[in-house]
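Asker: Produce the complete structure using the sequences and hints provided.
Residue numbers (the numbering used here): 1 to 273.
Keep in mind that a hint or two might mislead.
[To be verified] 30 Å max Cα-Cα, derived DSS-like pairs, lysine-lysine:
(1) K192 with K252
(2) K192 with K250
(3) K169 with K230
(4) K230 with K192
[As the list claims (entries may be wrong)] Derived CB-CB ranges, DEER-like:
(5) K66 with T266: 36 to 46 Å
(6) S218 with T266: 18 to 28 Å
(7) Y268 with G101: 38 to 48 Å
(8) V108 with G176: 26 to 36 Å
(9) I255 with S218: 18 to 28 Å
(10) T266 with N114: 37 to 47 Å
(11) G238 with L106: 37 to 47 Å
(12) E271 with G211: 18 to 28 Å
(13) I59 with E208: 39 to 49 Å
Hint data in this document are derived by calculation from the structure and do not stem from the laboratory. Beta carbons: idealized from backbone N, C-alpha and C, even for Gly.
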Amino acid sequence: MAKGGDAPQRVIFGQATNLSRTMHDIRYSAKRDEIYVTNPFGQAVLAFRGTASANEAPIRVIQGPKTQLGSEDTLEIDDIHDEILIPTEDRILVYPIDANGDIAPLRVIKPENNYWRTGGGIAVDPIHNVLVTDGTLPGEETIASGRAARANRRDSILIFDRTANGEVKPLRVIRGPRTGIKAIRQMQIYPKNGYIVIAQITDGAIAEPEGTFVGVWSINDSGDVPPRWKIEGKPGNGMKKPRGVALNPKHKELIVSDMRLNSVLTYYFPEMF
Numbered sequence: 001m002a003k004g005g006d007a008p009q010r011v012i013f014g015q016a017t018n019l020s021r022t023m024h025d026i027r028y029s030a031k032r033d034e035i036y037v038t039n040p041f042g043q044a045v046l047a048f049r050g051t052a053s054a055n056e057a058p059i060r061v062i063q064g065p066k067t068q069l070g071s072e073d074t075l076e077i078d079d080i081h082d083e084i085l086i087p088t089e090d091r092i093l094v095y096p097i098d099a100n101g102d103i104a105p106l107r108v109i110k111p112e113n114n115y116w117r118t119g120g121g122i123a124v125d126p127i128h129n130v131l132v133t134d135g136t137l138p139g140e141e142t143i144a145s146g147r148a149a150r151a152n153r154r155d156s157i158l159i160f161d162r163t164a165n166g167e168v169k170p171l172r173v174i175r176g177p178r179t180g181i182k183a184i185r186q187m188q189i190y191p192k193n194g195y196i197v198i199a200q201i202t203d204g205a206i207a208e209p210e211g212t213f214v215g216v217w218s219i220n221d222s223g224d225v226p227p228r229w230k231i232e233g234k235p236g237n238g239m240k241k242p243r244g245v246a247l248n249p250k251h252k253e254l255i256v257s258d259m260r261l262n263s264v265l266t267y268y269f270p271e272m273f
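Answerer: Right under this line is the structure:
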């Protein structure tokens, strides 16, 4: 088990990619033993061996005009249906997990009548066949605050059919004052019970923004509904500015990365599992 101060077992440097060295989001496929990272400056998705180390080249790179990739920095993988999902401002791009080169998406999910825009977070539930992203409804008054309000995004949870293609509306939208959502940063789904977990950063430009929390909804929730469970960003909970979330079902734990504390926080959360 890693402890504070421990060095990583392996480091992938990225020089061998022939791309910008900036790597943002990351996912791991246990099924394929592969690591996937986004490279927004290179407008690419890189796949590495699970045991990659040092200056090792990726085994595949999704990049080129046919991909429709821009400067997106987040991704999700579906290990059951073998897909990579990439949210961008006005669409969600879906690729085969073994895609390589300048390849067109399998599916492109786009807003019907400009009804929605995605903010960047994404998660998939391959059991109940839904995918979830954060975003906003441009035709509605934004609930977001700070930098998120100026960009008019990240104040809603948008739930789609996983197999959606073309111009669609979400199956359900969670948004409104009772939700407390002003600016989501990242999200995860616990497919077994159909729970959506979000990290509310509120305003990433503020050192210690108000109203931060980690909240849990169901994939069946809709409208202005409060979270089923909530951990508020306050001293008593040891959290200030949550950015990322991860789940450890084996130990019934919720794991949160805190941008302000520069820490990873672990909460025992048996109710959700």
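Asker: Taking the hints in turn, state whether each one holds.
Answerer: For each hint, the structure was consulted:
no., hint, in the structure
1, K192 with K252, "holds (13 Å)"
2, K192 with K250, "holds (12 Å)"
3, K169 with K230, "holds (28 Å)"
4, K230 with K192, "holds (19 Å)"
5, K66 with T266: 36 to 46 Å, "holds (42 Å)"
6, S218 with T266: 18 to 28 Å, "holds (23 Å)"
7, Y268 with G101: 38 to 48 Å, "holds (45 Å)"
8, V108 with G176: 26 to 36 Å, "holds (29 Å)"
9, I255 with S218: 18 to 28 Å, "holds (20 Å)"
10, T266 with N114: 37 to 47 Å, "holds (40 Å)"
11, G238 with L106: 37 to 47 Å, "holds (42 Å)"
12, E271 with G211: 18 to 28 Å, "holds (22 Å)"
13, I59 with E208: 39 to 49 Å, "holds (42 Å)"
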